[in-house]
Amino acid sequence: MFGAEETIPWIFENVWLVPALPAASFLVILFFGKRLPYKGAEVGIAAVGAAFVLALIATFTWIGDIDNAEGGDESHSEEAAVLRVDGSDGALPVVLTAEEEGDGHGGGPRGAPIVTDVEWFGIGTDANQVTLGAEDSVATESDGASSGFGISIGTLVDGQSVMLLFVVTLVSLLVHVFSTDYVHGDRRYTHYFAFLSLFTSAMLFMVLSSSTLQLIVGWELVGVCSFALIGHWWEEKPNSDAALKAFLTNRVGDVGLMVGMIILYFAADRSFDIVTINEMAVSGEIPTGTLTIAALCLMAAVMSKSGQFILHTWLPDAMAGPTPVSALIHAATMVVAGVYMIGRLYPVFFEGFAIAGSSLNAMAFIGGLTTVGGGALAFVQRDIKKVLAYSTVSQLGYMVLALGVGAYTAGMFHLFTHAFFKACLFLGAGSVSHACHHSFDMKADMGGLRKHMPITFWTFIIGTGALAGIPPLAGFWSKDEILVGAGVFPGTGGNGTYTIPFIFGMMTAAMTAAYMTRVIWLTFFGDYRGHEKPHESGPRITVPLIILASMAVVVGFLNMPSGFVKALRLPEGWAHRFEDWVEPEGVASFVGEENDFTHAKPSLALAIIATGLGITAGLAVWQYYQRLYRIDPKATEYPNGIASRNAVVGAGHRLLVEKYYLDHLYTGIIAGATKGPVARLANWINQNVLDGIVNTAGRLSVGAGQLVYRFFDQAVVDGAVNASGRTAASSGGILRRIQSGQVREYATLMFGAAAVLAAIFIFAV
Amino acid sequence: MFLNQFLFLAAALFCIGIYGVLVRKNGVLVLMSIELILNAVNINLVAFGAYRGDIGGQVFALFVIAVAAAEVGVGLAIVLLIYRNRRSIDVAEANLLKG
Amino acid sequence: MQEFLDTWGITAMVFLPLVGVALMMAVPQKEESLQRWLALAASIGSAVVGVLMLWNFDYDDSGTMQFAVDHRWIEVITARYAVGIDGMSLPLLALTLLVVPLVLIYSWNHIPAPGNAKAFLILILVLHTGMLGTFVARDLVLFFVFFEVVLLPMYFMIGVWGGEQRLYAAIKFFLYTLFGSALMLVSFLALFRVTGSETFNIVGLAERVAEGDISLTTQVLIFGGMFMGFGIKVPMFPFHTWLPDAHTQAPTQGSVLLAAVLLKLGTYGFIRIAIPILPEAALEWAPWIGLLAVIGIIYGALGCLAQTDMKRLIAFSSVAHMGYVMLGIATLTDFGINAAIFGMVAHGLITGMLFFIAGSVKERYHTLEIKRLGGLLIQAPRMGWILGITTMASLGLPGLAGFWGEFPAILASYDPAPGLSDTLFRVYMVVAAIGTVLAAAYLLWLLQRTAFGTPSEEFVDDPEVHDMVFTEWLAWAPMLVLIVVLGFLPSLIFDVTNTPASMVGDAVNALGR
Amino acid sequence: MMFATAMLSSQTAAVTADVALTGTGEWVANGFFYAMAVVAIVAALRMVTTKNVVHAALYLLVVLSAVAGTYIILGAEFAAATQILVYLGAIMVLLLFGVMLTRAKIGHESELDYQQRWLGALVAAGMLAVMSYSLWEAFGTDKLPVDQTPQRTQEVSDSIFSTYIVPFEALSVLLLAALIGAVVVARRD
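Protein chains in written order, with our numbering: chain E, 1065 to 1829; chain R, 243 to 341; chain U, 116 to 628; chain S, 41 to 229.
Just chain E, with the same shape it has in the complex:
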């Protein structure tokens, strides 16, 4: 597309404006928001809108570059390259280095990442890098000038980040508009918009980061925005509890993030640069063992941020925040940060987990487990948002599963489609609750809403269809691609390693359709069970819904398999567009290694089976509720259901209701123990042992004589008399109870006697 001589498009050079706009709007809203006519909302919308326009420009520039390159340069087998720009002088954008390996001739490859860096700070010296024993160890030389390693801050533009730019700005914009109606008259309207802006900015900052250090910064900043927005109504304790839980669970993962990034930093010869790390991971300069440890550490971060099993528990609780926040942060954007990070450092994970190898890896397994475990929990929720939250957990599991089995594009594509239909569903749930007087309880306050709010109903149906993978909606294409990517189904061309994830994926396909049917029925069908008459929401709510729903219909066609395109006689260029645009083929490419990164072959049979499974499961649930409706129009569950008749099913049901007891484990056992006994023990040691030593040292010298007197005279003489009396009384008690017929007492006797006998043998014999 553009070689070393050409200049880089303006937008890629200045893409930092995209996060900068919402950041500026945050400051403006924070300081002047309350004095503005619309209390700051207009600033937020304007800034995010402008950011969206810039993101659109970036997207189309990127697509244009790729398509042009494809036209002129057919061979995709170009060697890797990266375009680097030093932005620190602020002068004309000049390509400083177009690092090309091999015999790069003229034009760079399509999809090469474009890195624009300025130095952030310098720390450390080169001398430190000289390991001892090396020939030229010049250690003490220091000429005064700061000769630190530059640690850079900058932007990295490639298909993946452009895709996320588009998603984040679009969803954020729609959520901003939606919120103006939804949180209208809220006690902290201005702060709400300030934090939405800050979140958008932090998310975009993270998406564009060119270094892992910057990624950590963005990662934590989105976390703190999530904290502030979950706890938006902090007057009520459950909300602030949920916020705390989210932050702390994420902190646990952040330990992994920090350690993992530190390992990578040193492994990549002291570099935070993402492209460098990826290059070194691919070329084998970093030992696989190191990569594996780093990948495992980073996996912990993914588990917490992207709600993977067993660190997912914060995500359903995070629904305590306002609904638009759930749509933006806890469905479409922030929670996919983990998935995004895997994609960013995919070579590290790919090599570290030996994804192309012949054994099941942690990522695919965790993803698979999450997708089923999360889906199962969605069945027992009363709260419509919690169902969607568990469904998000489940779908995030899908993405991780996809990346874990090596289906990079499928994972990213699912991230892309999921953002739209899940945001649509969440906003739909918000609209429903807006109508039902801010209740989210499906069983108590909803039902039969399809007549009262048709727009919400139809958009929700479309979102559900997309989520359940009904063709031709968006979710169908991405989900199918993941199932294909597992490479287990006959004819998809894998080595059969990922059978378990594949089975999990199929199960989820059925479960998703089933629990979403349950939601639809409970919310929109049957008779209305609430109190006052519901009403359709206003245009500021419905328009975003319609836009998102239409996205949920359309975006799936971006990545149709070529076989499908051929079968329908569509132009061949329509096939796998998304793959061409997003999949890295620049430096981060890993083609050509012996552990080859391959694409699976799509299979029509698999698509039919998976869709059929989903539809069957959905119909079964539908039938279940239809029968119930005929018994009692207002009922939401059978009075004497199987869970109350069969003990085993009941126990299983209870296991789900108790969320696998994970919350008991975290809150009751781990947090409880740390906050309670362990912390008290530390404090006790402090007060009594450490402080005690200090204090006693002082006191001993003063009152030693008195102590001796008291102990000898009062305690020993008196105490001996008292103790002998007690002993006699209690030994009589033992003898009286010896013959009681209880197993326990016999056991006590037995063990006691064994101990005594053993003692006798040891000491006497």
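There may be inaccurate statements among the hints.
[What the hints assert, rightly or not] Derived lysine-lysine pairs resembling BS3-like cross-links, with alpha carbons at most 30 Å apart:
{"hint": "1", "chain 1": "U", "residue 1": "K486", "chain 2": "E", "residue 2": "K1739"}
{"hint": "2", "chain 1": "E", "residue 1": "K1515", "chain 2": "E", "residue 2": "K1450"}
{"hint": "3", "chain 1": "E", "residue 1": "K1515", "chain 2": "E", "residue 2": "K1739"}
{"hint": "4", "chain 1": "E", "residue 1": "K1597", "chain 2": "E", "residue 2": "K1450"}
{"hint": "5", "chain 1": "E", "residue 1": "K1630", "chain 2": "E", "residue 2": "K1515"}
{"hint": "6", "chain 1": "E", "residue 1": "K1301", "chain 2": "S", "residue 2": "K91"}
{"hint": "7", "chain 1": "E", "residue 1": "K1301", "chain 2": "U", "residue 2": "K145"}
{"hint": "8", "chain 1": "E", "residue 1": "K1723", "chain 2": "R", "residue 2": "K267"}
{"hint": "9", "chain 1": "E", "residue 1": "K1597", "chain 2": "E", "residue 2": "K1630"}
{"hint": "10", "chain 1": "E", "residue 1": "K1507", "chain 2": "E", "residue 2": "K1698"}
{"hint": "11", "chain 1": "U", "residue 1": "K145", "chain 2": "E", "residue 2": "K1739"}
{"hint": "12", "chain 1": "R", "residue 1": "K267", "chain 2": "S", "residue 2": "K91"}
{"hint": "13", "chain 1": "E", "residue 1": "K1739", "chain 2": "S", "residue 2": "K183"}
{"hint": "14", "chain 1": "S", "residue 1": "K183", "chain 2": "U", "residue 2": "K486"}
{"hint": "15", "chain 1": "U", "residue 1": "K145", "chain 2": "U", "residue 2": "K486"}
{"hint": "16", "chain 1": "E", "residue 1": "K1301", "chain 2": "E", "residue 2": "K1098"}
{"hint": "17", "chain 1": "E", "residue 1": "K1301", "chain 2": "E", "residue 2": "K1507"}
{"hint": "18", "chain 1": "S", "residue 1": "K183", "chain 2": "E", "residue 2": "K1723"}
[To be verified] Ranges of calculated distance between the beta carbons of each label pair, as one might list FRET restraints:
{"hint": "19", "chain 1": "E", "residue 1": "S1503", "chain 2": "U", "residue 2": "H581", "range": "36 to 42 Å"}
{"hint": "20", "chain 1": "U", "residue 1": "H581", "chain 2": "E", "residue 2": "I1749", "range": "24 to 30 Å"}
{"hint": "21", "chain 1": "E", "residue 1": "G1740", "chain 2": "R", "residue 2": "G298", "range": "41 to 47 Å"}
{"hint": "22", "chain 1": "E", "residue 1": "I1749", "chain 2": "U", "residue 2": "W588", "range": "36 to 42 Å"}
{"hint": "23", "chain 1": "U", "residue 1": "E573", "chain 2": "E", "residue 2": "K1515", "range": "47 to 53 Å"}
{"hint": "24", "chain 1": "E", "residue 1": "R1744", "chain 2": "S", "residue 2": "W158", "range": "39 to 45 Å"}
{"hint": "25", "chain 1": "E", "residue 1": "H1501", "chain 2": "U", "residue 2": "S148", "range": "33 to 39 Å"}
Everything labelled a hint here was simulated from the structure, so no lab data went into it. Only a predicted model underlies this, so the values are computations on that prediction, with no experimental measurement involved. All C-beta atoms, glycine included, are put in the ideal place defined by N, C-alpha and C.
Mind docking chains R, U and S on chain E? Use the hints.
Relative to the frame of chain E, chains R, U and S by itself:
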């Protein structure tokens, strides 16, 4: 590493298990305490295996784990039976051995 | 101008507060407002000289002592008046010059019971001189004198203006620190003897040790004495027990100064004196210092979780945060020492800020019992927000100052100086990283219980509970701005400290272990 | 004391500048072991003292994980994996089901223990004393062999299916019998 540090850990767990068996009323809790005892034994087996460089220790630990699974199954069945017959799983009430 | 600064600059900066003290002595006690103006003028005068020097500081040459003065002082013991500023002391000097005027501004209408502004302000100014002097001293005797000058004002501040158990806390603080100082002095004297040096100059002693053949055991023992002196001041586990008491009992101003500057005297001593002079012994001690540091991190955090008093909780958090600083120092690498200096400044700003807030909360609610507080965001929203930002900074959120002290320290312990065990320090790294989770836990818990929720019934209509007043804004705004600015531009400090920190790191590397 | 020697050896090992495994490895392993041991014992104690049945089960889970950790230290990776799979996966679920099927209260229950706890404690303490004494007498400061390579899974399976084939078969029969027995006992007639 000393051999004894493992043996002492095992002994401690064993005695805690004994304590649990002796003082707990709830049948399920008694079963849990027995699990603790079995685990203590397992630590010993594996530790001695490592000490003597003999794979047998580990093998028997595996056997014990399998037996423990069986034991829990049967034990729970018995607890369930007691519960069904007496509406209580207080092992103190199971005193048919009384002379 | 340059000439004046080169010859008299440091002296003027250090002793201007004492001039202020002399003037205040002459003014009668009842002229309170004049006293305040005098005190503020003295500290600001000192700060102006300081800023002028910062302006004229040659930042490309931050590795060498600038504005250096070396004059004979006590000839009998060959102690000299040797002072200077380099990149290592500069951030800490700047911190001191900033914090003391802010404390004086805060004192404008916050003189704690039993009053007597004159004495109180005089003590702060004496403290000011002591702290500044410690950071500029290049001679061990001079350093020691300034180091000890700090003790007495603090003792009186806690003992007279403190809380209910002020006498106990004050005596504990005094004796504990004095005990450490005594060992430290012994170490200084021993060093002087075994090297056979003619002066107590730090650089001179370091050169002597480097070329002399002092046995490693002697070095380790001497280092041990310094370790006690500095370690108690830091404070390191298990010598920290004076800190919670002193902090809890001290008046707000005392707590702020203690947290912001006084604790740094200990860590500064390590990187300025102990390690450069005795790098070989430092290598021997480093694993142990690292161990105590990570114990301190976890232990301090656990201690925080058990506290019921807001101020005591913040005091315990100092133990944890100084643990990160000490961990950075224990790696003996340029990265670690850079991180340590940054950590000192960040901790000074953040924890100082937290103590300011605690003081203001106490003034409004007359209690710091966490379970009686709540709903600060409703009753005093601005203060609640500031508390929120400060706790976020304290738990090491990137984008705020705390992160740049914590993360590089953790990073540095992945790859400690040659001669130290990588495995051991990597274990420390993981433990320290886990400490960040606990830090988040206790700080957010504090935030939740004090700022969130609704006010408890006893304070709902309390007229004394109001939002921030002007002096509070004036005193806090600079610190808040710095917390945010340093969070985004860590280069402000790293660029200054990098060269001297690298020199320390190189000195350790040069041992060739 | 042990710590000091470990520390010294760790330093000398690092001086030789390779990835030191012997000295520091042992130090790390020891640290890991003691961490595991403390967790195991504390959790076990809480398990037998807690008033909440489900918490007891979860504490047992912690103990079992810690024990799996000690297996790893001892180089018995397969045993550790089995421990996790069988105990944590199967037995814990069984126990939780047991708790729920017997309608035990999930929350606090005051009447979980007998009154005479001290008797049980006495017996347990007595046994611990006797065992500790004899263990100390018998093994004192015997060390485990230093060059502990993890025992490979293949060796384990080889010996199960050759040397220990008879116990293995017997165990299979036992499992079958237990399975049938459990069904028979728990069946509702």
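Checked hints:
no.: 1; hint: K486/U <-> K1739/E; result: 15 Å, holds
no.: 2; hint: K1515/E <-> K1450/E; result: 24 Å, holds
no.: 3; hint: K1515/E <-> K1739/E; result: 51 Å, violated
no.: 4; hint: K1597/E <-> K1450/E; result: 24 Å, holds
no.: 5; hint: K1630/E <-> K1515/E; result: 42 Å, violated
no.: 6; hint: K1301/E <-> K91/S; result: 26 Å, holds
no.: 7; hint: K1301/E <-> K145/U; result: 49 Å, violated
no.: 8; hint: K1723/E <-> K267/R; result: 28 Å, holds
no.: 9; hint: K1597/E <-> K1630/E; result: 51 Å, violated
no.: 10; hint: K1507/E <-> K1698/E; result: 9 Å, holds
no.: 11; hint: K145/U <-> K1739/E; result: 50 Å, violated
no.: 12; hint: K267/R <-> K91/S; result: 11 Å, holds
no.: 13; hint: K1739/E <-> K183/S; result: 37 Å, violated
no.: 14; hint: K183/S <-> K486/U; result: 52 Å, violated
no.: 15; hint: K145/U <-> K486/U; result: 40 Å, violated
no.: 16; hint: K1301/E <-> K1098/E; result: 26 Å, holds
no.: 17; hint: K1301/E <-> K1507/E; result: 24 Å, holds
no.: 18; hint: K183/S <-> K1723/E; result: 45 Å, violated
no.: 19; hint: S1503/E <-> H581/U: 36 to 42 Å; result: 38 Å, holds
no.: 20; hint: H581/U <-> I1749/E: 24 to 30 Å; result: 40 Å, violated
no.: 21; hint: G1740/E <-> G298/R: 41 to 47 Å; result: 43 Å, holds
no.: 22; hint: I1749/E <-> W588/U: 36 to 42 Å; result: 41 Å, holds
no.: 23; hint: E573/U <-> K1515/E: 47 to 53 Å; result: 52 Å, holds
no.: 24; hint: R1744/E <-> W158/S: 39 to 45 Å; result: 24 Å, violated
no.: 25; hint: H1501/E <-> S148/U: 33 to 39 Å; result: 59 Å, violated
The structure is inconsistent with the numbered hints 3, 5, 7, 9, 11, 13, 14, 15, 18, 20, 24, 25, although it conforms to all the rest.
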